[in-house]
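**Student:** Residues per chain are reported as follows:
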Amino acid sequence: MGPSGDHAVSRAIEGDAVRRILDAAGAVFIKDVTTELRSRYAVAATATFALAALAVVSFAVGPFGGRPELLAAFLWTVILFAAAAGLAQAFTREAERRTWLTLRLVAPPTSILLGKWGVNLAVLTAIEALVVPMFLVLFGVEFRSLPAFLAILLLANVGLSAALTLVAALLAQARAHGALVSALAFPLVVPVLMAAIVGTRRAFTEPGVWPPECRVLAAYAGVVVGIGFLLAEHVLDD
Amino acid sequence: MRIVWWRWGLFLWMAVMTVAAFLYAPLAKKLYEQTRIIYWHIPVAWVTLVAFLVAGWHSWRYLKTRDLASDARAAVATELGLVFCALATVTGAIFSKGMWGSYWNWDPRQTSIFFLLLVYAAALTLRAAVEDPTRKARLSAVYGLFSAAVTPLLLFVVPRLFFSLHPDPIVNASGKLEMHPRMFQVFMASLVGFTVLFFWVYALDVRIRLHRLAREGAWTGSGKDRAA
Amino acid sequence: MRVIAEGLGVRLSGRVIFENVAFEWNGPGIYTVTGNNGAGKTTLLKVVAALLHPGRGTMRWENSTTAALTPAQARAHLGFAGPEIGLWEDLTALENFAFGARARGLDWSAADGAAWLERLGLTGRGDERLAGFSSGMKQRVKIAFAMLGRPGLVILDEPGSNLDDRGRAVVDALVREAAEHSLVVVATNDPVEAAWGRPGITL
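Chains as they are written, first to last, in the working numbering: chain A, 1 to 238; chain B, 1 to 228; chain C, 1 to 203.
The hints are simulated quantities; they were obtained by calculation from the structure and are not laboratory data.
Because the structure is a prediction, the values reported are computed rather than measured.
Just so you know, even glycine gets a beta-carbon here, dropped at the ideal spot from N, CA and C.
Worth double-checking, as some hints may not be accurate.
Stated by the list, open to error - To give an idea of the interface, some chain C residues facing chain B are shown, with a C-beta separation under 10 Å as derived from the structure:
#1 5
#2 9
#3 12
#4 13
#5 14
#6 16
#7 56
#8 125
Said to hold, decoys possible - With a Cα cut of at most 25 Å, we get these calculated SDA-like pairs of lysine to any residue:
#9 B:97 - B:187
#10 B:64 - B:212
#11 C:138 - C:179
#12 C:138 - A:178
#13 C:138 - C:111
#14 C:138 - A:21
#15 C:138 - C:128
#16 B:136 - B:213
#17 B:136 - A:237
#18 B:136 - C:19
#19 B:64 - A:93
#20 B:136 - B:187
#21 B:136 - A:33
#22 C:138 - C:118
#23 C:138 - A:177
#24 B:64 - B:86
#25 B:136 - A:173
#26 B:64 - C:5
#27 C:138 - C:84
#28 B:136 - B:148
#29 B:136 - A:230
#30 C:138 - A:232
#31 C:138 - C:177
#32 B:97 - B:117
#33 B:64 - A:38
#34 B:136 - B:207
#35 B:136 - B:54
#36 C:138 - A:230
#37 B:64 - C:11
#38 B:64 - C:16
#39 B:136 - C:16
#40 B:64 - B:214
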C-alpha cells in the first residue's frame, strides 16, 4: 500500500479511536445520569447548599442592598460553593462503593473524565436554572443585557465544571475528601470567578451581547480541558 | 569544617548589596525610605517564579519517569517557593504603602502574588493530606502541572480585569520605575544574590531528602517506560 | 494472551507488599495464585490487571495480534472479578452489563443480556436493582461482567466467595468455558479452586 494508503488507514484508526473514546464517555454519562435519577444525590446536595447560601446572603443584604458589583460577587460565590459541594461526588461515590476500579477497567481515562465532566456540567446547569432566577428575584436585579449574562453564565459553567471535575478526579481515592477538593480547586478557579464576576456586573450595567470577559472564560475552558486531556492517564492511574 | 569560598562570597555579596541599598542608591522619585524594599521585593518575587518553574519541571519529569527523586526535587522547590512567595507578598505590601499609601489594593501584581501564594499553599496541603509516597508524588505532580497551566492565564487576565473594575489613574499598577543607574546596579546585584541563595538552599534540601529516601530504602530511579 | 512479570515489586504506604515476583503465564488455561490472607494476592492481581503500577520490575501483556500491549490496551482486553471490583448497585444487572459492554466498545443487545442471565440462572431478575440481590447472586453477576466480550485474560479474585452450591456450579461452568480460549488467573485460598489449574505463584 502506498504512502497515501497508509495515511488513510491510520486516519481511519484514529477516527475509530476518537469514536471509541466518545462512545465510552457517552456510556459513562448515561450510567451516571441513570444512577443520579434514581438516587438524586448530587442534585439534592448541591441544590440544598445553593439555596441555603442564597438564603443567608439574601437575609443579610436585603432586597435593596445590591450594587451591581456586590450582586455579581454574591451570585458567583453562591454558585462556587454549591459547585464545590456537589460536583466532587461524581468521583467519591465511585470510590466509596468500590466501583472505582471497575470504572477504570472498562473505560479509557479520557472517557471517564469526559463523561463525568458532562454529568457535572449538567448538574451545575440544573442547579443554576433553579438558583439564578431566585437570586434575580430576591435582589430585584435588572439587566442591561440578558444575552450577555447568559453567555457569561454558560461559558463560566464550562470552565468551572471542568476544573472541579479534574480536581475531584485527582482526589478520588484520597481521604478527607470534601475539604481537600475545595482547598485545591479554589486557587485554580480564581480566573474563572474573577472573569465571571466582572462579566456579570457588566451584564447588569451595560448593554451589548459579548462582554470581553467571554474571551477570558473561553480561554480558561480551553486550557483546563486541554490539560485534562493531556494528563488524563496520570490523573486517574495509580 | 571546609570553608567553601563561594558561600562566603555570597554572604559578602548580600552584605554589600544591603549596605549599598541604603547608602549608595538614591531614593526613587523623592519617595519614602521604605521603598528601598524594592531591592528585596522584586528579587524575592522573581525567585518565587523560578521556584514555580523548577517545581513544574520536576513534576513533569516525575510523571515521565516515576522516579521519586524527581518528586523530592519538586517538593523542595514548592516549599521554598512558599517561603519566598510569603516574603514577596509582605515586602510588596510594604512597598505599596510607601509608594501608593495603602498596604493592599488588589492591583494586578498584588493579586497575582496572592494567587501564587494560594496555589503554593494548596500544593503543600495536598502533600500533607496524602500518605502513600507514590500516590503523593503522582497527585502533587499532576496538581503542579494544572497550576502551571492555569497561572499564565491568571497573570495575563488579572491586569485587564483590574482596569475594567478600577479605572483609577491614581493607582499606578504598571509600576514601572525609572531606575537611576545606581539603583539598577544594586537591584541586579540583589537579583543575582537571591537567585544564588535559592539554588543553594534548594540543593542542600534536595540532598537531605535524597539521603532520607535512600535510608528508608525507597525505590528511586526508574528505567521503566511509562508508555501508558 | 500471555502475561510476563519480571522482578515485580509493590510498596504501599511505604510497606513492601511483595518483591522479586516473576512468572510467565500463557493462555488459554488456568493459573492459580495462592497465599495467606494479606500476602498480597489482590495487589498482585491489580498489577496484572494494569490497575496498579508496580514500584519495581516490569509487567508485560502480549496477545496473538500485537507483540506488546500498553497497560491501557491490556485493560481493554481483560476482565477482573473480585471483592474490590464492585458493580453499580443502583443499576440492574442488565444495565450493568450494558454499561460494561458499551464502555468497552463491544456490540451489545438485549438478547445478549438475556442470554447471560440465563447462563447465570438469573432469568427474570434482569430488571431488579443489584442492591436487592443476595451476595451470591451479585457474585455471579460480577463474574459474568468480567467475562463480557470474551476477553483474552480473565482474573478472578476468590471466585467462590459467597456462593451456594447452585452458584458454584454456574461459576464452575463459566470458568471452564473461559479457560478454553482465555488465560484465566484465579487467586484463592480454597484448595478446591486451587486445583482448577496449574500453580501460578504462591505469595
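**Student:** Compare the structure with each hint and give your call.
**Tutor:** Quick rundown of the hints versus the structure:
no.	hint	in the structure
1	5	13 Å, violated
2	9	7 Å, holds
3	12	6 Å, holds
4	13	5 Å, holds
5	14	6 Å, holds
6	16	8 Å, holds
7	56	5 Å, holds
8	125	38 Å, violated
9	B:97 - B:187	20 Å, holds
10	B:64 - B:212	23 Å, holds
11	C:138 - C:179	22 Å, holds
12	C:138 - A:178	30 Å, violated
13	C:138 - C:111	20 Å, holds
14	C:138 - A:21	29 Å, violated
15	C:138 - C:128	12 Å, holds
16	B:136 - B:213	14 Å, holds
17	B:136 - A:237	13 Å, holds
18	B:136 - C:19	21 Å, holds
19	B:64 - A:93	30 Å, violated
20	B:136 - B:187	39 Å, violated
21	B:136 - A:33	31 Å, violated
22	C:138 - C:118	15 Å, holds
23	C:138 - A:177	29 Å, violated
24	B:64 - B:86	31 Å, violated
25	B:136 - A:173	11 Å, holds
26	B:64 - C:5	21 Å, holds
27	C:138 - C:84	13 Å, holds
28	B:136 - B:148	18 Å, holds
29	B:136 - A:230	20 Å, holds
30	C:138 - A:232	31 Å, violated
31	C:138 - C:177	20 Å, holds
32	B:97 - B:117	20 Å, holds
33	B:64 - A:38	41 Å, violated
34	B:136 - B:207	20 Å, holds
35	B:136 - B:54	18 Å, holds
36	C:138 - A:230	37 Å, violated
37	B:64 - C:11	19 Å, holds
38	B:64 - C:16	23 Å, holds
39	B:136 - C:16	17 Å, holds
40	B:64 - B:214	21 Å, holds
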